[in-house]
Each structure stands twice: as C-alpha cells, then as structure tokens.
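Chains A and B are the protein sequences, given in the same order.
Just so we're aligned, residue 1 is where the first sequence starts under the numbering used here, counting upward by one.
Just so we're aligned, residue 1001 is where the second sequence starts under the numbering used here, counting upward by one.
Keep in mind the hints are simulated off the structure, nothing from the lab.
All C-beta atoms, glycine included, are put in the ideal place defined by N, C-alpha and C.
There could be a bad hint or two in this list.
[As the list claims (entries may be wrong)] Partial selection, computed: residues in chain A whose CB lies under 8 Å from chain B:
hint, residue
1, Asn167
2, Asp174
3, Leu188
4, Arg189
5, Leu190
[As the list claims (entries may be wrong)] Sample of chain B residues facing chain A (criterion: CB under 10 Å; computed from the structure):
hint, residue
6, Phe1087
7, Pro1094
8, Lys1109
9, Ser1112
10, Ala1149
11, Leu1162
12, Tyr1228
13, Tyr1235
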Amino acid sequence: MAKFFKSINLSRIGINLFIALLAVFILGPLVWLGVHAFAADWHYPNLYPSGLTMRWWSKVFLDSALATAIKNSLIISPIVVIISMFICLPAAYAAGRMNFFGRKAFMITLFSANSFPKIGLFAAIATLYYALNLMGTFVGVVIIQLLGTIIYMTWIPAAAFAAVPKNLEEAARDAGASKFTVFRTITLRLAMPGILVAIVMSFLASFDEAQGTYLVGAPAIFTMPTEMYSLVQNYPIQVAAVFSILLAIPSVLLLGLARKHIMGGQLAEGFQLK
Amino acid sequence: MTQEGNDMGLELKGLKKILGGRVIIDDLHLSVAPGEMISLLGPSGCGKTTTLRMIAGFLAVDAGQIFVAGEDVTALGPDKRPSAMVFQNYALWPHMSVSKNVAYPLKIKGLSKPEIAEKVDAALALVNLLHHKDSRPGQISGGEQQRVALARALVQEPNILLLDEPLSNLDAKLREKVREDIRQLQRRLGITTVIVTHDQEEALSISDRVAVMNNGRIEQFSTPHELYNAPATEYVATFIGSLNRFEGDLVSGLIQPGAHVTGIRPEDLTLSMQAFEGSHPGVVELIIPRGHFYEVVVKRSDATFRIFASENIPAVGANVHVGIKKSLRYLNGKLVA
C-alpha cells in the first residue's frame, strides 16, 4: 500500500515537472518577447531590463514603412480569405455532398501544394509571374497567398457539409422550402462552425505567409511578416519584439472568437442530436 | 373506389420503384379514405419506407401515380406536396429553438408574424409543449422531440400526415402512451395518416386499416380484425400473431397429408383433461409462461400444437385432449374459403 502511494506521488511530481517544463518552453519565448517590447535595454548577464520604455512602440507606429506593412496585411488577408471562400466553398460542398468520379483523387491532389517545400513551387510560379507581369503586384501577392488557404478552405468545410444529416434537409423540403432555401437556412447554418474554422485558419495562413509574399511582393509590397525580415536586420531587437506582438494580435483575437462561437456554441451541441 | 381518385384522401396507382437495379416496389395500389389512419406494415426491406418516401416526394416514382385529395401530385417536389412527414429520428433542426422549428414551415409560406406566433402556440399546445417553446431540441427528451416533430408537421395543416416509424426511438412504456396520443390527435383532427412500422402490435392497435407488405407488394389491406381472423395469404397469417402451421388438410379433427396448408391460431385450440367431441389425445411437452396466459406445447399423434391457455393449466407430461375450434386453409399461399 505504501509503495502504491509512493508511486502515485512520484508520478504526480513527474507530471507537474513536465507541465512546468512545457510551460517554460511555450511561454518562455513569449515572456521574453513581451519584456523586450517594453525594455530600454536587456542584455546577458542582467536579470532585469535596465528600464521600461514605450520608445519602440512609437518607433513602429511612426515609421511609415512599418505602418504600410500593417495596412497591406490588413487589406490583403481579408481579400485572400474572401476570394478563397468563393473558389473553395462550392468545391467543398460538391466534395462533401456529391459523389462524382475522381472525388477522392481531387481532394488528395489539393494536398500537393502543401506536401513539398513551398519555395520550389514559388520559384516556378515566379518565372510565370515575370511572363505575366505579376511580379511586385498586389494581384500577384494575393494569388500567392491563396495557395496556402486552399487546403483549409476545402477540406474542413467539405467535412462540415458532409456531416449535415440528410434528413434535416429533407424535413425542410417537406416543410415547403425550395432547394436553395434549404441550403441557406439549414445546410449552410449547420456547416457554419466548420466554415468559421476554415476562415480562421485561412486568414492566419494568409496573414503569416512570408516566403512567397517576399519573393513576389518585395520590394514593392511588404506585408507584416515580410517587413519582419528587414526589421530584424535594420532595427534593435526590441522593435522586432513589438512587431511580433502586433503580428500575433489577429491570431489571438480570431482564436478567441472561434473558441467562443464554435467550441462552446449551441451549434456544436446540436450535432449530438443525430 | 372512385375512378380518378376523387373523394380520396390518398390514392396510389401502380407505383413502381427500382433502386440499384432491384425492383423495390412493383405495381402497388392503395386507397386511403379521408380521415383514415392506415399502417404500412412489414419486415425491413419490404418496401414500406420506400413507399412512404415516394408519397412524401423524396423519391421519384419509376411508374404509377400518386393522388392526394384527388389531385395528381406525382410530378411535384416534396416542397409542393400537401403532405407533412414526421421522421424516424425526428429531424429537428438543432440550431433553432422548438418554436422556431415549428414556425419554419409557416415562415416559408410567408405568413405574417402574429399569424405564425398564434399557429405555433396552437400547435405546441396541441402536443403539450408550450413550456418548452424556447428550448433547443438538444435540451429536451426523445419523447418531447417527437412531439415537436409532430407539431411541426401538424402546423402545416397537411392533407396527409406521414409517420415514419414514429415510436421506434422511444422506450417501451412511453411507446404505448405516445401511440394512444397520436391516435387521439389524429381522430380529433380527422387527418388522413399513413404510418410506417415493422411492429405488428403497433400497426394493429393504432390503425383503421393495415397494409401488410412483402417484397414490394401489398399482401393484404384490411382492418386489424380481418387481418388477424382472415389473413388473405399464408404470409400474412404467419406474419401477424402466432400460428400453428401444418402442411396437410384437417380431416375430422386430425391433420392428414393433403394439398393444403392448414393454419391454426394458438387461441383457437381447446385444451381439456377430459375427452370431448372432436378432441384427440396428446401429451404436454412444454409449458411457457407468457404473462397473463401460458403457452402449452402438446404433442398429438398427428402433429405438435402450441396452445394459448389462461386457466386449468396441466402439468408437463400430462395426458390431455386437444380440439380445434377454427382453422385457416391455404392453397398456394392463398386463403381458401
């Protein structure tokens, strides 16, 4: 018996230790980042920063290049997501609800853009872009960023559409609704949690995309991630810290929204019905 | 029966359905009077659900016509048909409250808000669910969900109410109560109703007439009484209730080799310790308590019988006398009068 308790205590200590290590591993860099964003100066071997300042924040907001990058990101990403929705959601519906020849092959092909190092793909696209005069253009950047969203905007909604029970649609048809009304009021509403997740993932994929955007956009168009490259090289490390925090804000906001509206919502609970 | 299906609640004429190269329904005819409640009864795969889905409009017919209140609805989609269906698993929309679920058909129809509110309240009052107006389907019990589904169908004021295995997802105790509730409601509203079930007890107890289906055809369509007492085919006789089935004829109270099939209901056999007119001796082999009666298995020289008896139950091994009160005779599966 004593041995039994001892082993419990030991395993509990082990688990706590593991969680602590994990927390340090995940949160450590964030803390480091947070402190740097407000630190006048912080160098090894000093335990604390030499002082706190808002200087780096004003630097970021007053620098016109940085402000432009933020603006570009906030314009491009929503556009990318909306175009992605228009292209991918009908395909997702078809893949989720209809059975056509080559459906599986089609869905798996979509992975191809994600299954190789992207830089090779981008280099190939760049040669095409030069021919089409898309290098350094807004359209060029949007197209490059679209690539990374396709996988999210097809697979997740396809699963969501497929999960809508057929008889819920039949019940609506029986109640007198036209096919389109059924889609709008029943199918789309029930698939919405999946579509919202896809929107969040696509937005983040577009918002964080740096490789292709840099290759195609620089030096004419910089977004927040590509601006990071020059920041890290040209400014003190604290400015980069401020910028990383700014870069993280949309992700945190979106994930918070997703948590509130998708995970805990009645929409999720409704699926237990079946 | 009128010529064009006028004055009829529902009329099916020569329905045919082929699914996956297999004939599911073949030349099916059925006439349901207005205000009548009928059951489509049969084992799974007999085509009863397919028939219901064709009436609702979810499945196109391959041949034949469907008339509702004398009007040919064969070409209409489910949204245009004057029928309303209660689905087996209720098919309530989880993202809408109970009252929104019931209001949906009215909203589609384009009724005004006060009108909708009034009708929804009336429908929910009908099924005693006003107190759950604002609940979500996921928050109420299975029985309550079923009543919501019923309210959602009734609020459409359909010509035909279609019920697909409405009781199969409820537990046994609740099933009887809901069965009676549905029957009472149907009588009160006088609504023509088709109910699909595989449960013969349910079909017999709830319906004015029962259509027993087998292999995509209707074997017999008649009242529960007739169905039980004069099953038109051997299939119906064995499907409904219990039956002692013998190959041979009944000759002076004994089963003898012959061309017919003889069927005897277990309650149509008389069991006695003394010999009586028309009886023959046998030995009790087995006694099975069945609740309010006993099933007694008796071996006679000609055959072994299952007998339902409620009093004077003999012991196993006892010598008894068995007489036959009534029997059914079938030739090539058809009842011979």
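Point to revise | Violating hint indices (sorted, rising) | key: 3, 9, 12 and 13
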